[in-house]
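Visitor: So the chains spell out like this:
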Amino acid sequence: MNSIFGRGPSLQFRLILAVISAILLAYLDRNFAYIAQVRGFLNTAVSPIYYVANLPEQMLTEAGDMLKTRRTLRSENAQLRQQAHLDSAQLQLFDQLQRENTRLRALLGSQVQQDARKVVTEVIAVESDPYRFRVLIDKGSKDGTYIGQPVLDDNGVVGQVDEVGYSTSRVLLIADLSHALPIRISRNDTRSIATGIGKIDSLSLQHVPHSADIQVGDLAVTSGLGGRFPEGYPVARVTHADFDESLPFAEISLQPISALDRLRYLLLIWPSEDHVTDPDEQQEAAQ
Amino acid sequence: MKMRFWLGLTLFVALISAIMPVPEWIEAFRPDWLLLVLAYWAIALPNRVNVGSAWTCGLVLDVLQGAVLGANALALSVVVYVLALHFQKIRNFSVWQQAIIVALLSIMVKVLGYWMSYLAYDIQFDEQQLWGALINFLLWPWLFYLMRRYRRHFKIR
Numbered sequence: 009m010n011s012i013f014g015r016g017p018s019l020q021f022r023l024i025l026a027v028i029s030a031i032l033l034a035y036l037d038r039n040f041a042y043i044a045q046v047r048g049f050l051n052t053a054v055s056p057i058y059y060v061a062n063l064p065e066q067m068l069t070e071a072g073d074m075l076k077t078r079r080t081l082r083s084e085n086a087q088l089r090q091q092a093h094l095d096s097a098q099l100q101l102f103d104q105l106q107r108e109n110t111r112l113r114a115l116l117g118s119q120v121q122q123d124a125r126k127v128v129t130e131v132i133a134v135e136s137d138p139y140r141f142r143v144l145i146d147k148g149s150k151d152g153t154y155i156g157q158p159v160l161d162d163n164g165v166v167g168q169v170d171e172v173g174y175s176t177s178r179v180l181l182i183a184d185l186s187h188a189l190p191i192r193i194s195r196n197d198t199r200s201i202a203t204g205i206g207k208i209d210s211l212s213l214q215h216v217p218h219s220a221d222i223q224v225g226d227l228a229v230t231s232g233l234g235g236r237f238p239e240g241y242p243v244a245r246v247t248h249a250d251f252d253e254s255l256p257f258a259e260i261s262l263q264p265i266s267a268l269d270r271l272r273y274l275l276l277i278w279p280s281e282d283h284v285t286d287p288d289e290q291q292e293a294a295q
Numbered sequence: 006m007k008m009r010f011w012l013g014l015t016l017f018v019a020l021i022s023a024i025m026p027v028p029e030w031i032e033a034f035r036p037d038w039l040l041l042v043l044a045y046w047a048i049a050l051p052n053r054v055n056v057g058s059a060w061t062c063g064l065v066l067d068v069l070q071g072a073v074l075g076a077n078a079l080a081l082s083v084v085v086y087v088l089a090l091h092f093q094k095i096r097n098f099s100v101w102q103q104a105i106i107v108a109l110l111s112i113m114v115k116v117l118g119y120w121m122s123y124l125a126y127d128i129q130f131d132e133q134q135l136w137g138a139l140i141n142f143l144l145w146p147w148l149f150y151l152m153r154r155y156r157r158h159f160k161i162r
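For the protein sequence lines, the chains are A and B, in the order given. If you're matching positions, the first sequence starts at 9 in our numbering and goes up one per residue. If you're matching positions, the second sequence starts at 6 in our numbering and goes up one per residue.
Incorrect hints may have been included.
Unchecked claim - DEER-style ranges, computed between Cβ atoms:
| hint | chain 1 | residue 1 | chain 2 | residue 2 | range |
| --- | --- | --- | --- | --- | --- |
| 1 | A | Val-128 | B | Ile-112 | 37 to 43 Å |
| 2 | B | Trp-101 | A | Gly-240 | 58 to 64 Å |
| 3 | A | Ile-31 | B | Leu-109 | 22 to 28 Å |
| 4 | B | Ile-128 | A | Asp-95 | 28 to 34 Å |
| 5 | B | Val-27 | A | Asp-95 | 29 to 35 Å |
Unchecked claim - Residues from chain A that face chain B, not an exhaustive set, calculated with beta carbons under 7 Å:
| hint | residue |
| --- | --- |
| 6 | Phe-21 |
| 7 | Ile-24 |
| 8 | Val-27 |
| 9 | Ile-28 |
| 10 | Asp-37 |
| 11 | Arg-142 |
| 12 | Asp-146 |
Don't read these hints as lab results, they were simulated from the structure. Predicted model, so just to flag it, every value in this text is computed and none were measured. Just so it is clear, CB atoms sit at the ideal spot from N, CA and C, and this is done for glycine as well.
Build out the structure end to end from the sequences listed, making use of the hints.
Guide: Following this line, the structure appears as structure tokens:
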């Protein structure tokens, strides 16, 4: 009966070898940082598979675009034009406010925030591993992405870069179990840390005292205290606040502002190297 | 040589189906394509596809999914070992009996994969995943006949 495996080692031996090497790999993956480079290399090696896997969806999207009627396109165009007008009107105001803000900050002698470089990137795969919330994007080390880089979309914070390959990177979403993000409540500047709980549409605040002033509907924005994310980007909205005295801490859950299960285009940002400049210099510049 | 190509192609397609983007709510119901295809080959041609190929495919899937390296490699090689060891018995079962075995083994794959991931991250088992086993059960007969036709057409032995 065993004659079919005449060549090579026996089935049992192969199994033992496979189990030992898999456990060894998992151990290395967990405990040694340099394996991140190996993963980056492996990711680059398998990236063609992602492109093939993405083809059907891309073709469907393109077919959908082609089937759009002239009328829908025109109305869409008109709508976008209107939006652009509104946005540019808003921008004029914003520009003035920004200058005013710079001047005021300079007067106060506090640090001035600088603009960050931004690049649009596309999600090419969502991880099907049920225990992790990560997405693969089409920018990698050749575009200058780095581990820990903040990633946003048009609504708010999405996550940060976790693994970098040559032409692709993985973004760890804020809803992932291993992710935590320093935030503040925009209404009253209460500081806290929003951690992922392994549900795509939910975050929770850790160790919030019962006396904290947090209400349902409050907006949480990045506080910039972790040093990774620039300050002031919207993160999530409070959906549930339970100040039950029988529990050690208040239970606050939030819903991320960006729809993490429907990500398509993302923004990679490079907070400029010295993203705070000398206030005196700015004061001179303002004068 | 040619046979190897046709055999490898099925595994490649299975890998692609395993990572193809689908809406979030279907994610839990995604069949384990790689497991199904490997299971078929392990029963049909255990001398060609067994622990080694399962381990390699599992590792590629780990990299593609971003799971802990070795999680799927371990789970798939254990399951394929069981199938390759009893291939003569399983071949003589009816196709629905085979489907039950495949469903049970796919639960095993999920549990083993969970254990391996648990070594790395503090996670909780997601019961929703067990729906995948039901889908595998329903899908097996069709896949079995399809793969048999494929194998006979390309005379893979």
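Visitor: Next, verify each hint and record whether it holds.
Guide: Status of the hints after comparison with the structure:
no. : hint                                : in the structure
1   : Val-128(A) / Ile-112(B): 37 to 43 Å : holds (42 Å)
2   : Trp-101(B) / Gly-240(A): 58 to 64 Å : holds (59 Å)
3   : Ile-31(A) / Leu-109(B): 22 to 28 Å  : holds (23 Å)
4   : Ile-128(B) / Asp-95(A): 28 to 34 Å  : violated (42 Å)
5   : Val-27(B) / Asp-95(A): 29 to 35 Å   : holds (34 Å)
6   : Phe-21                              : violated (9 Å)
7   : Ile-24                              : violated (9 Å)
8   : Val-27                              : holds (6 Å)
9   : Ile-28                              : violated (10 Å)
10  : Asp-37                              : holds (4 Å)
11  : Arg-142                             : holds (5 Å)
12  : Asp-146                             : violated (13 Å)
The structure shown violates the earlier hints numbered 4, 6, 7, 9 and 12.
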